[in-house]
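Engineer: Two chains, two separate frames, one set of hints: put the complex together.
Chains as they are written, first to last, in my numbering: chain A, 1 to 478; chain B, 1 to 347.
Everything labelled a hint here was simulated from the structure, so no lab data went into it.
For clarity, every value in this text was computed on a predicted model and none was experimentally measured.
Yeah, the Cβ is synthetic: ideal placement off N, Cα and C, and Gly gets one too.
Please note: incorrect hints may appear among the correct ones.
[Stated by the list, open to error] Residues on chain B that point at chain A, a partial pick, calculated with CB under 10 Å:
(1) T80
(2) T245
(3) L312
(4) E331
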Amino acid sequence: MSTLSLSGAGILAVDPVPWARAQMAFTLACHIILVPLGVSWAFMALVANWRAIRRGDEDALLLAQRWSKYMAVTFAVGAVTGTVLTFEFGLLWPKFMGTWGAAFGIPFSVEGLFFFIEAIFIALYIFGWKRLRPWPHFWTGVPIVIAGIGGTLSVVAANAWMNEPAGFTLNSDGEVTDVDPLKVIFNDAWPYEASHMLVAAYLVGGFLVASAYAVGMLKGRRDRYHRLGFLIPFTVAAVATPIQMGVGDTLARWVYDNEPTKFAAIELVPETDSDVPETLLGRLSSDGEVTGGVQIPGLASWLSDPGTGTSTVVQGLDAFPADERPTTGEVNTVHLAWDVMVGLGTLLFLLSAWYWLAWIFRRDMPRSKLFLRIASVAGVAAVLAMEAGWVVTEVGRQPWIVRGHMKVEDAATGNEGVWITFVVVVVIYLALATTVVLVLRSMSRRFRGQADLVDTDVPYGPRELLEEPEQEAERIGG
Amino acid sequence: MDDAVAVVLFVAVTAYAVFAGADFGAGFWDLVAGGAARGARPRALVDHSVGPVWEANHVWLIFALVVLWTGFPEAFASITSTVFVPLTLVALGIVLRGASFAFRKSLFRTSERRALGAIFAFSSVLVPYCMGAVAGAIASGRVPAGGEAGDPWSSWVNPTSIVGGLLAVTIGAYLAAVYLIWDARRLEDESLVEYFRRRALAAAVVAGVVAFAGIFVLRSDARYVFDGLTSRALPLVVLSALCGTGSLVLLMRRSPRGARLLAAGAVASIVWAWGVAQWSYILPTSLEVSAAAAPSATLATLLVVFGVAAVLIVPALALLYVLDQRSLLPEEGVGSRPAARESTPTS
Numbered sequence: 001m002s003t004l005s006l007s008g009a010g011i012l013a014v015d016p017v018p019w020a021r022a023q024m025a026f027t028l029a030c031h032i033i034l035v036p037l038g039v040s041w042a043f044m045a046l047v048a049n050w051r052a053i054r055r056g057d058e059d060a061l062l063l064a065q066r067w068s069k070y071m072a073v074t075f076a077v078g079a080v081t082g083t084v085l086t087f088e089f090g091l092l093w094p095k096f097m098g099t100w101g102a103a104f105g106i107p108f109s110v111e112g113l114f115f116f117i118e119a120i121f122i123a124l125y126i127f128g129w130k131r132l133r134p135w136p137h138f139w140t141g142v143p144i145v146i147a148g149i150g151g152t153l154s155v156v157a158a159n160a161w162m163n164e165p166a167g168f169t170l171n172s173d174g175e176v177t178d179v180d181p182l183k184v185i186f187n188d189a190w191p192y193e194a195s196h197m198l199v200a201a202y203l204v205g206g207f208l209v210a211s212a213y214a215v216g217m218l219k220g221r222r223d224r225y226h227r228l229g230f231l232i233p234f235t236v237a238a239v240a241t242p243i244q245m246g247v248g249d250t251l252a253r254w255v256y257d258n259e260p261t262k263f264a265a266i267e268l269v270p271e272t273d274s275d276v277p278e279t280l281l282g283r284l285s286s287d288g289e290v291t292g293g294v295q296i297p298g299l300a301s302w303l304s305d306p307g308t309g310t311s312t313v314v315q316g317l318d319a320f321p322a323d324e325r326p327t328t329g330e331v332n333t334v335h336l337a338w339d340v341m342v343g344l345g346t347l348l349f350l351l352s353a354w355y356w357l358a359w360i361f362r363r364d365m366p367r368s369k370l371f372l373r374i375a376s377v378a379g380v381a382a383v384l385a386m387e388a389g390w391v392v393t394e395v396g397r398q399p400w401i402v403r404g405h406m407k408v409e410d411a412a413t414g415n416e417g418v419w420i421t422f423v424v425v426v427v428i429y430l431a432l433a434t435t436v437v438l439v440l441r442s443m444s445r446r447f448r449g450q451a452d453l454v455d456t457d458v459p460y461g462p463r464e465l466l467e468e469p470e471q472e473a474e475r476i477g478g
Numbered sequence: 001m002d003d004a005v006a007v008v009l010f011v012a013v014t015a016y017a018v019f020a021g022a023d024f025g026a027g028f029w030d031l032v033a034g035g036a037a038r039g040a041r042p043r044a045l046v047d048h049s050v051g052p053v054w055e056a057n058h059v060w061l062i063f064a065l066v067v068l069w070t071g072f073p074e075a076f077a078s079i080t081s082t083v084f085v086p087l088t089l090v091a092l093g094i095v096l097r098g099a100s101f102a103f104r105k106s107l108f109r110t111s112e113r114r115a116l117g118a119i120f121a122f123s124s125v126l127v128p129y130c131m132g133a134v135a136g137a138i139a140s141g142r143v144p145a146g147g148e149a150g151d152p153w154s155s156w157v158n159p160t161s162i163v164g165g166l167l168a169v170t171i172g173a174y175l176a177a178v179y180l181i182w183d184a185r186r187l188e189d190e191s192l193v194e195y196f197r198r199r200a201l202a203a204a205v206v207a208g209v210v211a212f213a214g215i216f217v218l219r220s221d222a223r224y225v226f227d228g229l230t231s232r233a234l235p236l237v238v239l240s241a242l243c244g245t246g247s248l249v250l251l252m253r254r255s256p257r258g259a260r261l262l263a264a265g266a267v268a269s270i271v272w273a274w275g276v277a278q279w280s281y282i283l284p285t286s287l288e289v290s291a292a293a294a295p296s297a298t299l300a301t302l303l304v305v306f307g308v309a310a311v312l313i314v315p316a317l318a319l320l321y322v323l324d325q326r327s328l329l330p331e332e333g334v335g336s337r338p339a340a341r342e343s344t345p346t347s
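Looking at chain B on its own, in the form it has when it is part of the complex (with noise of 0.2 Å):
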């Protein structure tokens, strides 16, 4: 039962992961759209593209979070005490980000909406980062089991932990614009089409060249997940190399809805590839999933919830996305316009 709670935690990284990254990765191109006239357009696309999604995408990481401490209380103990810091950077960014992404639409002023821009757009990169790296804390064995606490510094500040940032970035900003082609595609806006695919294609490139160079890395620095990802996570890592590739060669030939799902395809893979690659420890090499786990009885219980998740969280989630694609959530309200239902009964 133990395998099955971590498989659900791995479930709710991964839709993190494909969903809410994404939407990191929009506030990264939200980043370098470059100055308010030019970055205007694109601006708007992230805009229009996150806004009714992006606070049902962070309800996994709260998800997560509460199958870990339920599930594996040891380890989220041991894990919170280590990397106090980028985890205490997560939470203030996270902060930020969605307070100012909110404010920054009921806003009015360029000035207010640009300052409040430049913080959701500056936590959108520091956010993922962090959490790479403490992934990278957790993958190289720098947490330590028993609830205890690891070196604040070296435990997030090492070569493992920069390659889990710079990756968690970089194949989120990946992920983003191949999202955002699609976005882009469905408002009839053929110049942000092309914006977006050749920046997809440069992330995907510079996502590629980090993973690749990851590898080496992890020889030196974590070789028990290394060990994994070379033995009996090898397919997972073929299969997202594959996914990463053909999603490249979808995107050079003008075919995103391909490319979306490939891209989602080649994170998750990679999130279920660190997964098995350093099983059967939540903490390596410290502590087991077996001996973190709670008694059965939670576990079952969790079981449950993530049941009962997937039969009314998942259609949910699924009617918001339909809705969202098929351009039914167009904005909050009805514009400031007081005309209000006129325009209503069209669909």
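Isolated chain A, as found in the complex (with noise of 0.2 Å):
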């Protein structure tokens, strides 16, 4: 160690690889909560918005704007989360980013232009509502619309290129010296993990917010406002169900063509076999075998590609030296996170159907109380499939960082402090998630006892200070 290490002390000096693995997959599974909301819930907002402005309807113009309200505080924790993931590329895997940066950084570059859009128009659209005429107030909202699904596209871009890498020259050190910047933004995986990302961002806030709205309405308040708000959001997530499903199953279907590893720890196939059996739960030992779970004789095979039906053969872990496949431990994080995703995702699908059915043959939304605690939870089952797919993406990728070209742990930083700074990002951000949390919900009551309370819109101090003489007439004449 020719430096210092940050505690100045060898005893606090820790293997950086694992921390900075922990570090970079907690801080990326707490901004992905958020992504959902800040590339779907505009689009919810400017539907009520339209309907608000179309038909004069003042439920539904409540609901846009006091969407925009929470989407400021959303918006405002994903943008600096986001942040901390910028800084981390650096700060935890230095050499990933000196050795591949000038391919690896080209789809972010596009994904700034995004961020401009959807940071400047946020602003427009929030702040806008008092001052702006109706129409073009609506307007500034349509490209955050925009932006999300372009940034969503670009920030997969980035990352299936790293299950994918393309674009790009190495010469015999291994450094890059020329990069054709369209095959690494088009690479083959592209175009399968985005949509699947873009459909997910829709399901998932579609569900997040209805379910807010389910509660609401458990709770007695079945008024027109609180339906709205059920409506908007579960209908859209209830569009993206169906759809995720075929989305899903096309890119299952080329992770199998394309990545073998990955594809046999998520079907937990550890020797290459014709009339592979799908196995739900289970666990694969250390020894190599399968065992528990339930296995259903052939499905893996034949899902794989029905045109050959059960003798499709899938490769198994052992086509491939262990030192370039998952782990065991990996493998079995991989298969129980598929089958959480496809299990989650399966019911959303059964709600979705059951929403549908209603509004076919009784054009309404289920009555019963069963639909509505069940819709009330599916936001969090929504998040939870959407963070499962996730891990089944990145674990299945192990060991590698850019798969065939770079390892994780050769990507890391050196820096032995990493353990510190790991800690404190997680006392912080367990902080910030409660806080995001009381704060929605005081907004909420907040909304609903408002009729007593006047919003005086100053940052701190006491109010009878703050009160300025308008708003004391406004609050004594209203």
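Structural biologist: Here's what the structure looks like:
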């Protein structure tokens, strides 16, 4: 060690690789919860806004206005947690960035454009309610939706590139000497991964917002306002869910064709074979045997390529050197995450089907309390499914950070104090998460009980000093 | 082409310094505004002034980081490996600052608002200090080439970094005070105009003193940049001094419009002076811009992206600032009164 470690004492110097992985995973897992809200909530607010202007619907107007206030909080937190990820690329993975930045950075430069557009127009939309005229104000919201879609497609392009690196030339020292930007962005994995994440953003955002109103309805707030607050996001989610089944299935088949180690981990296949069973739950033991779980004969082969049916050969983990495929522990993580994603996805699909059937046969949403009860946990379920999906993508790629080119352990920082930053980050994020939930709840409570409260909109200070004569008059008068 | 991308990088850094720097500075004035009662009105102005624009201004930082890691990956790896500690503080400070700023408006109790306000204000000072310290680490040649890590402590705890950190905090405070005069005038609050005018004058003098003292520090601690500042970058240094003095005079003569432009000009030219002074190095004096540059297709892509940004983003930003300046972006939503659209069609 040529320089002082962060702690200044060898005893506190710890191998950075596992801590860097843990910190990246933790901060990404937190940030990704805010992503769907950032991408799809503006769309849902615009639907309500459109309805409000077109039909003079006061409930829809109130929804759109309040949603935009919630969005102000979730977007701000999403922007700063996203910034942390930007810094972490360098702080945790400097060797990865130093070697691959010229290629990997390209999708992010495009994403920067979309982030700009999003940040500008979300400010116009959120702050413009009072003084802009209704239609121009509505149109300031549209670029947010477009930028959300563009941003998702760009960021996922970077992640897809890590799975399916393309568009660069290396010299004999392994340095990037030439780059084809279009091949980097439009790498082979991109269409599948990006569409899967984009649909997920609408699916998760829809279920998450709808679940808040489902809770409200269960508590007896069955007015038109709450009904609309449920119907708009739930409809978005119920459209996205069946689409996601198709997109996910296509992506899985692409992984079968192109990322065989990940696929072997997903399907828990230790040895190359045909007529491979679909194993639900279960685990791979350290001696390479599959134990436990429920096996459905031949289904994994059949799903991989229905054309050849159960005789489809699935490559097993043993087809690859041990240091070029996920470890047994990682395989079990991937397989469990896969089961969670597909299981929850299927339940959400059934919930959506229930909703659509009720509309088709009764021209109304399902009336039963059971439906609302399930809908009220669908938001959390959708978040879990999305998190599980990311675990499948990321852990399934191990041990690679750039598949086939660079391993995670070779990409990490040499800084031995990472464990300290990990601990600090976890503490701050837990406090942050708690505060986000408390703030959103207090906003909701305030919106409901606002008749007797006046929003001062002044940062802090005793209220009596802040009341301006105008507000005073309003309070007395109103 | 590597030169052009380096210019793009500095445009982003300049925009961040001139726009977001003022948002940080506003946090500084929030921090020193005194107790809850005394500081209420300046804080309300800070809130009103920063609210609609800080996120858009913040994107310049992301943009600069992306241009740096895509265009000059080796330099990025060296910087993040060496100044790990201050950059971590920057990242966490940005989280605390942005989140607490967004939260405090949404909370009702004074105690909660005060706690979050304190976090916002404290991190508004910590973040620019650390960024300035990082700039000092780079300028004084303490970040080695080759994606290697320099000393984790002395790289950013040294005379040049201290000057950089103090300069970042003071010029942010100076910019913010000048901008806030303008905002106070817009709201026709004469006592706040005077409040921030006095503070702008004080900050201008302090920033000037730090900058002047900094020259002597650089002479002994960052020789390459010092030589640059006193030769090829000298016109920019003089320009910055002229702008700074000019804005000071205008402030004293109570002419805030010109003062605002000149203040921004002073900050922009000092950033450019730094860039020109350390030319042709991206990491003086171990890594040249040309040696650190990514393959030409990557650089071309960055230039195209920047061109698109100039066409799309600049007008959008202009729209945001113009609407904000015309008080068309008064508050989030419509307040919490349910009678929603009654006041909408007035404009």
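Engineer: So which hints don't hold here, by number, going up?
Structural biologist: 2
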